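Enquirer: Protein chains in written order, with this note's numbering: chain A, 1 to 148; chain B, 1 to 275.
Heads up, some of the hints might be wrong.
Stated by the list, open to error - Under the rule of at most 30 Å between Cα atoms (straight-line distance), these lysine-lysine pairs were calculated in the DSS-like manner:
1) B:60 / A:101
2) B:238 / B:205
3) B:84 / A:101
4) B:181 / B:238
5) B:222 / B:237
6) B:181 / B:217
No wet-lab data here; the hints were simulated from the structure.
Computed from a predicted structure; not experimentally measured.
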Amino acid sequence: MIVDITVNGLARHLQARSDSLLPDCLAGRCGRCLVFMDGRLTYSCLVPAFKARGSVILSYEALASLPETQEIETAFSAMESPPCPFCRKAKALVLYGLLAKNPNPCETEIIEALSMVDCPCTDHYALIAAIARMAVGRNKRIYSRENK
Amino acid sequence: MRISEIHYPSTIQETVTLLSANPAILLLAGGTEIVGTQTARVIDLADQVACISRISELRKTMRTEQFIELGACTTLTGLLSLSKGILPEPLPSLIHSIANPAVRNSATLGGNLCVKRGFMDLWPLLSCMEAQVELRAESGTRWASVSHLCGADGRPYLPEASLIARIRIPIYSYNFVFLRKLGSSSLPSPDRACFVCLANLSGDKIVDFRLALSGVKAFRLKDLEMTVSGRRRNTGKKEMGAFVAEYEQAFGSPDWFDSRVFSALVEESFERLYS
Chain A
1 MIVDITVNGL ARHLQARSDS LLPDCLAGRC GRCLVFMDGR LTYSCLVPAF
51 KARGSVILSY EALASLPETQ EIETAFSAME SPPCPFCRKA KALVLYGLLA
101 KNPNPCETEI IEALSMVDCP CTDHYALIAA IARMAVGRNK RIYSRENK
Chain B
1 MRISEIHYPS TIQETVTLLS ANPAILLLAG GTEIVGTQTA RVIDLADQVA
51 CISRISELRK TMRTEQFIEL GACTTLTGLL SLSKGILPEP LPSLIHSIAN
101 PAVRNSATLG GNLCVKRGFM DLWPLLSCME AQVELRAESG TRWASVSHLC
151 GADGRPYLPE ASLIARIRIP IYSYNFVFLR KLGSSSLPSP DRACFVCLAN
201 LSGDKIVDFR LALSGVKAFR LKDLEMTVSG RRRNTGKKEM GAFVAEYEQA
251 FGSPDWFDSR VFSALVEESF ERLYS
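Pulled out of the complex, with its shape left as it was, chain A reads as follows:
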């Protein structure tokens, strides 16, 4: 079947099997397949191709060059033990989604966002602290930009 979707701003006409899924954990756990589907974070491994028809998909690749994502990446790099290559993009994506919705997330909100990516590679509290610090820095930057 032909599935018409918009991926990272480009209209695509994909030839897909009606029952095909992206391969990863196939259970909505690991977070490696997370994308923004119609503006909401979704495990694409739980979305059959036919269900994606007419959807607008944004993957990490579309957001990687944005300053917001760069800041998250910088915060990761500054950590003693940053997220591993397996989950790094997924964690950046969920934190991007969280900070877009709430520029001042509390610890509980950060933990909940990170629960979408099931990878125990990082010290959770170090990651939460790094994100909280980054959010403060970002708010200062946005605030000073607005003042100018």
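Starting from the known structure of chain A, fit chain B onto it as the hints suggest.
Expert: Chain B only, in chain A's frame:
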């Protein structure tokens, strides 16, 4: 490998027509349970599948003074994003405890009530809250209590060729809530269950007592609930013990849930209720 025929109905009526032509058609909205339980990359669905997630009639929300009416395809995130205070507690807390935000972005309210392999978390609470569902079929439309989605054998039941179109939840708060989720799996499994006990305490009087357990099967005794409702809390431990014993006796030793765990949950809920 089975190749499924996919339908994209745009209205409830189209879906109902498809259902009456082929009652075995699989209705897929969020798909988190249907797809999440499959382990292969190539998923095995029914011969015919109707993708109903984009039917706008199934995503509408309406509110009156007495109840809130939600389309069956309202996502769990959509429910949580309703203004604070619209959904009566403990419904928002329970929804918040289901899976994680990305799953809740896809999972739907109707889907949570339609799973055939067992009951999901919302059934016992919505049943205790006396929520209703609108069942649409080719023969007509009718409203039924969420409790009726449980068959005589205690397993999930949905009338053949019917679609849950809307869910009506009374806006009525309970000042006594005892809710426990058991098991680690977010999908129906033998070790997973949800226990709910609701009541309103008016001074010393117990009003509107409700107690339900759901897992692979469901359990609720409306007659005993009526007996407990209207009692006074100062009647002592003897009466409380009698109610607990009645629940234990009625529950027996089923194969789908450990009766000792059930006894402990009932005992704790009654102790809290009478304290």
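Enquirer: Taking the hints in turn, state whether each one holds.
Expert: Results for each hint:
1. B:60 / A:101: Roughly 23 Å between the alpha carbons, so the hint for residue 60 of chain B and residue 101 of chain A holds.
2. B:238 / B:205: holds (17 Å)
3. B:84 / A:101: holds (17 Å)
4. B:181 / B:238: holds (28 Å)
5. B:222 / B:237: Status holds; Cα separation ~22 Å.
6. B:181 / B:217: holds (15 Å)
Hint compliance for this structure: no hint is broken.
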